[in-house]
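Heads up: the sequence lines are chains A and B, in that order. Residues 3 to 424 in the numbering used here are what the first sequence lists, from first letter to last. Residues 2 to 283 in the numbering used here are what the second sequence lists, from first letter to last.
In case anyone wonders, no lab produced these hints; they're calculated from the structure. Each residue gets a CB set at the ideal place from its N, CA and C atoms; glycine is no exception. Where hints are given, some of them may not hold.
With a straight-line Cα cutoff of 20 Å, these simulated SDA-like cross-link-like pairs (lysine to any residue) come out [stated by the list, open to error]:
1) K129/A to P126/B
2) K332/A to V406/A
3) K121/B to T124/A
Footprint (simulated), chain A over chain B, 3 or more residues, beta carbon under 8 Å [claimed, not checked]:
4) 145 to 151
5) 164 to 176
6) 204 to 210
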Amino acid sequence: MSKVLILESVSKSFSVQRNRPLTIRELLVQSLLGRESKKHTVWALRDISFSVRQGQVLGIIGHNGAGKSTLLRLISGVSYPTRGHIKRFGRIGSLLELGTGFHPDMTGRENLLTAGILNGLTSRQAKMLEEEIVEFSELGEFIDQPVRTYSSGMYLRLAFSVAIHFDPDILVVDEVLAVGDLRFQQKCLERFRAFKNAGKTLVFTSHSIDQVKNLCDEVVVLEEGRMVMIGDPQSAIDCYNELMRERTERQKARVFGKVEEQAVLAGKQGKRLGTHEAVITDVCFYDTRGRAISGLGSGEGLTVELKYRIVNPVGDLALILGIYDEGNTKCFETHIPSFREAFGSLGKQGSIFCSIPELPLLPGRYYLNLGLYPPDWDYVYDYHWQMHGIDVVGKRLPHASGIVSLNPVWSVCNGNEDVAGR
Amino acid sequence: MAIKADGLADVGKTGYLSLVFRGFRYYRGFLSHQLDLLWHLVKRDFTLRYKGSVLGILWSLLLPLAQLLVLVFLFQRVIPLGIDAYPAFVFTALLPWTWFSSCLNSAGSLFLSNRDLIKKPGFSPCILVGVNTLSNLLLFLVVLPVLVIMIVAFYDKPLTPYFLLLPLLLVVNVVLIWGLSLFVATLNVFYRDIQYIVSVFVMLLFYLTPVFYSPGVITEGYRFLYNLNPVAVLIQSYRAVIFFGRAPEWGAIFIASVLSLLSCVVGYVFYRKKLHEIVDYI
Chain A
3 MSKVLILESV
13 SKSFSVQRNR
23 PLTIRELLVQ
33 SLLGRESKKH
43 TVWALRDISF
53 SVRQGQVLGI
63 IGHNGAGKST
73 LLRLISGVSY
83 PTRGHIKRFG
93 RIGSLLELGT
103 GFHPDMTGRE
113 NLLTAGILNG
123 LTSRQAKMLE
133 EEIVEFSELG
143 EFIDQPVRTY
153 SSGMYLRLAF
163 SVAIHFDPDI
173 LVVDEVLAVG
183 DLRFQQKCLE
193 RFRAFKNAGK
203 TLVFTSHSID
213 QVKNLCDEVV
223 VLEEGRMVMI
233 GDPQSAIDCY
243 NELMRERTER
253 QKARVFGKVE
263 EQAVLAGKQG
273 KRLGTHEAVI
283 TDVCFYDTRG
293 RAISGLGSGE
303 GLTVELKYRI
313 VNPVGDLALI
323 LGIYDEGNTK
333 CFETHIPSFR
343 EAFGSLGKQG
353 SIFCSIPELP
363 LLPGRYYLNL
373 GLYPPDWDYV
383 YDYHWQMHGI
393 DVVGKRLPHA
403 SGIVSLNPVW
413 SVCNGNEDVA
423 GR
Chain B
2 MAIKADGLAD
12 VGKTGYLSLV
22 FRGFRYYRGF
32 LSHQLDLLWH
42 LVKRDFTLRY
52 KGSVLGILWS
62 LLLPLAQLLV
72 LVFLFQRVIP
82 LGIDAYPAFV
92 FTALLPWTWF
102 SSCLNSAGSL
112 FLSNRDLIKK
122 PGFSPCILVG
132 VNTLSNLLLF
142 LVVLPVLVIM
152 IVAFYDKPLT
162 PYFLLLPLLL
172 VVNVVLIWGL
182 SLFVATLNVF
192 YRDIQYIVSV
202 FVMLLFYLTP
212 VFYSPGVITE
222 GYRFLYNLNP
232 VAVLIQSYRA
242 VIFFGRAPEW
252 GAIFIASVLS
262 LLSCVVGYVF
272 YRKKLHEIVD
282 YI
């Protein structure tokens, strides 16, 4: 298939003097005194080359500040590369940062008409699509309210509906789907698939590994403005995780000077990763009556105690707890984005409890993977992978497999007369 | 982008004649779309301007009228200038002046206040300058009949065929305003002081332009300077064709046209040079 998007060694730099433009006075002072402003150039993207074929879904992953959003802005033509060329064939639609793209004082309807005309439609064509868009966005009567009154979810719904309905050949989506409710997200993902099946091209970034795995044909991994790799989703995700590990190692070396192996929790198997600025010192399991256990019956309750210690003062923590089976399939995962927001101030050390009233897992061995992260999830303080195993025991249901233990009750309605009657 | 892709994508396979044809179709399509866009944005500008105000478009009438009242009071009662039909005389000049000054005063913040449009792929920000120029022109044209009625009915001055020269003056004026506004709008993205400097400049220019006085009272030596001020020349010409019903000074108009074109070219070249950076700064 033909290529619809070609990037040839694209670089983008921003000159950062301050966080605001120069005023005339500063300019005059500088030119009179002959002092060069201390302009230092930050390269947001360096030498990115790849191409996208028609009908492909390209994912872009990378850490915060890796240059994903800048790259998407360049691809959609909102901003221009400092060096290199971008060739596009076809109409571009984009769904970039929320909060731009619509005028806050105009109503949703007025905004969508403007967007339509900007997308190359005549006002008549845009009016024809209007009802369809309003319906898809599910905004109802809110469509005639000014956009500034919208919640971020409503804003996203309108922006997405507008972007997908004006029939672009290439759709560029920044990780905005995160704010929509799950049902609308699902609707969007379905729409993406239909879009792809219609031979259209999609370029998007996401933090959700699942979305990347499920949707993408090819994935670009960015790290500090450079393209680390382009390839199939699985190897890209592996690469991304590897980068995360390297970053963690670097941070650890920076914090503690030399990388030292800490022999806490010796004797346990599994893997441990992190800078150890904050550490998980121990993990204990209790049953509903508060007794320490190493196994429990299927469907019984479980309380996990996580003892932590802050080694290097950190402002806040994010915390993740996942239950995985032996094949490393995720059964359940939950996280707390900000310790401070959830529990208030962060002590030097302490315990965090997580109670799960019922754990309806099929009998087998499971692992609790726990992690402490900085709130921006940039690297890892401490992550325990397959270090804390727990056995779920119970009568194995015959002829059942999977993860969740459900109690199926089979019955049959073999009504011959019923069938005959119909 | 889209049109480019449809129209000029595979040049290699086609002959020159069809290329010319395609090029023509491309530009016609492009132009009609740009006009459509321009018109839509002008309407949008109007909606935004009067959203939530009770009097709406009337405000645009009230401002020059209030200014007119003050000027008439000042220069007919307090310091009489002794100009015949003074209210109509001032109003003829005040309307184009209001157009010019409100365009330039809003030019500075033009790109900054329309972030939503500038951050759309394929949108060229210079359209906003056109929108601003045109929507202020529309206000001028809305009030124009009031002025004409005032001149004809109250002061008994007939309209002459020279009135038909008005579109020519409007075109020159549009070119001048567009060029200056584009320059100001672009520069203000990088140096935010510009909009304040411009408003001071516009205020001073008001006194240097024969809006409320007649240039006849200026001494010979300074006359030549007036001809170099395209706003003054245009205002005098509006006054000639609408109020006096006589031919404007063609030589002065020629100079003003050249200066307007020059401002247009300078503005556009500067804008093109900075275009790629505008988005990053906004």
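Hints versus structure:
1. With a C-alpha separation of about 24 Å, the suggested pair K129/A and P126/B falls outside the 20 Å cut-off, and the hint is violated.
2. With a C-alpha separation of about 11 Å, the suggested pair K332/A and V406/A falls inside the 20 Å cut-off, and the hint holds.
3. With a C-alpha separation of about 17 Å, the suggested pair K121/B and T124/A falls inside the 20 Å cut-off, and the hint holds.
4. For the region 145 to 151 of chain B, the proposed coverage by chain A is not satisfied: 0 residues have a C-beta within less than 8 Å of a C-beta in that chain, short of the threshold of three.
5. Chain A is given as covering the region 164 to 176 of chain B, and this is violated because 0 residues of the stretch bring a CB closer than 8 Å to a CB of that chain, at least three being needed.
6. Remark: the region 204 to 210 of chain B is not confirmed as covered by chain A, as 0 of its residues place a Cβ nearer than 8 Å to a Cβ of that chain, below the required three.
Hints 1, 4, 5 and 6, counting from the list given before, are not met by this structure.
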